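Novice: Sequence:
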Amino acid sequence: MTGLSFDDPAACRRLLVLLIFVALCVRVVYNIGWVGIDDVPVSDAADYHEIAVGLLKTGTIDHLGSPPLFPAMLAGVYGLFGVHPFVGRLFLCLADALTCGVIYLIGREAFGVRVGLLAAGAATVYGMLFRWTGYLLTETAFTLLLCLFIYLSQKTLHTLRWRYGLAAGLCLGLATLARPTR
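Note that numbering that gives the first Met the number 0 has the sequence shown beginning at 0, numbered continuously upward.
It should be emphasised that the hints constitute simulated quantities derived from the structure, not laboratory data. Note that the structure is a prediction, hence the values are computed from the model and not measured. Ideal Cβ placement from N, Cα and C applies to all residues, glycine included. Some clues are possibly wrong.
[Unchecked claim] Dumping the calculated SDA-like pairs for lysine to any residue here, alpha-carbon to alpha-carbon at most 20 angstroms:
#: 1; residue 1: K154; residue 2: V114
#: 2; residue 1: K154; residue 2: L176
#: 3; residue 1: K56; residue 2: D46
#: 4; residue 1: K56; residue 2: G32
#: 5; residue 1: K154; residue 2: L136
#: 6; residue 1: K154; residue 2: T180
#: 7; residue 1: K154; residue 2: L116
#: 8; residue 1: K56; residue 2: I36
[To be verified] The calculated label-pair distances, taken between Cβ atoms and stated as ranges, are:
#: 9; residue 1: D43; residue 2: G168; range: 33 to 43 angstroms
#: 10; residue 1: V41; residue 2: G81; range: 33 to 43 angstroms
#: 11; residue 1: T175; residue 2: T59; range: 14 to 24 angstroms
#: 12; residue 1: V39; residue 2: T59; range: 41 to 51 angstroms
#: 13; residue 1: D6; residue 2: D43; range: 27 to 37 angstroms
#: 14; residue 1: K56; residue 2: R12; range: 41 to 51 angstroms
#: 15; residue 1: G168; residue 2: V52; range: 24 to 34 angstroms
#: 16; residue 1: G172; residue 2: E49; range: 38 to 48 angstroms
#: 17; residue 1: A121; residue 2: H83; range: 45 to 55 angstroms
#: 18; residue 1: G81; residue 2: G32; range: 36 to 46 angstroms
#: 19; residue 1: T158; residue 2: V52; range: 34 to 44 angstroms
#: 20; residue 1: V114; residue 2: H83; range: 51 to 61 angstroms
#: 21; residue 1: H83; residue 2: F5; range: 37 to 47 angstroms
#: 22; residue 1: G168; residue 2: A109; range: 27 to 37 angstroms
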């Protein structure tokens, strides 16, 4: 039996895809088994749900106290797959699993493939990361956008290509539209 060669890009890609798949499974199982499919959003989660439903019905956001990106994303998901909080949480599961992939990219860019895979593996099972997928809150989307900003900033510094800097700025701008500051 041979171990994983970190010099084999195809093997590393397969492992990364497996980690992202496991991350998605962990999050979905958590949402079904622990949170529950019919869990009713409360507090801020209920507000985001209602804003998204209102956006679908009227085409406008009638709540000025919340940043617009997360309710708009939620409304898009509801428009495609139906209005149910569990559908929104499944979207958060996917976003959080993708965050694990971006964490790999950050680790790889900074320290190499091995560290990237270890970081992605840790993020895959880190409870304080995936528990936020059980709530219709901004944390998951914000974390994904912030991780994308960090990775794209690293790429900008290493390649000196303006398109990475532009994409990094876009991600940071979107992150500020996703997370309240109150």
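Novice: Would you mind marking each hint as holding or not holding in the structure?
Specialist: A quick look at each hint next to the structure:
For a cut-off of 20 angstroms, the pair hint linking K154 to V114 stands: about 17 angstroms separates their Cα positions. A hinted pair counts as satisfied when its Cα atoms are at most 20 angstroms apart, and K154 with L176 does not qualify at roughly 23 angstroms. For the suggested pair K56 and D46, the alpha carbons sit about 15 angstroms apart, so the restraint of at most 20 angstroms is met. Our distance criterion of 20 angstroms between C-alpha atoms is broken by K56 and G32, whose separation comes to about 31 angstroms.
Between K154 and L136 the CA atoms are separated by roughly 29 angstroms; this puts the pair beyond 20 angstroms, and the hint is violated. For the suggested pair K154 and T180, the alpha carbons sit about 28 angstroms apart, so the restraint of at most 20 angstroms is broken. Straight-line distance between C-alpha atoms of K154 and L116 comes to about 18 angstroms, which keeps the hinted pair within the 20 angstroms bound. Using a Cα cut-off of 20 angstroms, the hinted pair K56 and I36 is violated, with the two alpha carbons roughly 24 angstroms apart.
Between D43 and G168 the beta carbon distance is about 27 angstroms. The supplied range of 33 to 43 angstroms is therefore violated. Against the hinted window of 33 to 43 angstroms, the Cβ-Cβ separation of V41 and G81 comes to about 21 angstroms, which falls outside the hint. Between T175 and T59 the Cβ separation comes to about 21 angstroms, which falls inside the hinted range of 14 to 24 angstroms. For V39 and T59, the Cβ-Cβ distance of about 25 angstroms falls outside the hinted range of 41 to 51 angstroms, so the restraint is violated.
Between D6 and D43 the C-beta distance comes to about 47 angstroms, which lies outside the given range of 27 to 37 angstroms. A hinted range of 41 to 51 angstroms for the beta carbons of K56 and R12 is consistent with their spacing of about 43 angstroms. At roughly 31 angstroms, the beta carbons of G168 and V52 sit within the given window of 24 to 34 angstroms. Checked against the hint of 38 to 48 angstroms, the pair G172 and E49 fails, with Cβ atoms roughly 25 angstroms apart.
For A121 and H83, the hinted distance range of 45 to 55 angstroms is not satisfied, since their beta carbons lie about 31 angstroms from each other. At roughly 22 angstroms, the beta-carbon separation of G81 and G32 lies outside the given 36 to 46 angstroms, and the hint is violated. Distance hint check: the CB atoms of T158 and V52 are about 43 angstroms apart, consistent with the given range 34 to 44 angstroms. Evaluation of the 51 to 61 angstroms hint for V114 and H83 yields a failure: the beta carbon distance comes to about 39 angstroms.
One distance hint, 37 to 47 angstroms for the beta-carbon pair H83 and F5, holds here, with the actual separation near 42 angstroms. At roughly 20 angstroms, the beta-carbon separation of G168 and A109 lies outside the given 27 to 37 angstroms, and the hint is violated.
Consistency note: the structure conflicts with the earlier hints numbered 2, 4, 5, 6, 8, 9, 10, 12, 13, 16, 17, 18, 20 and 22.
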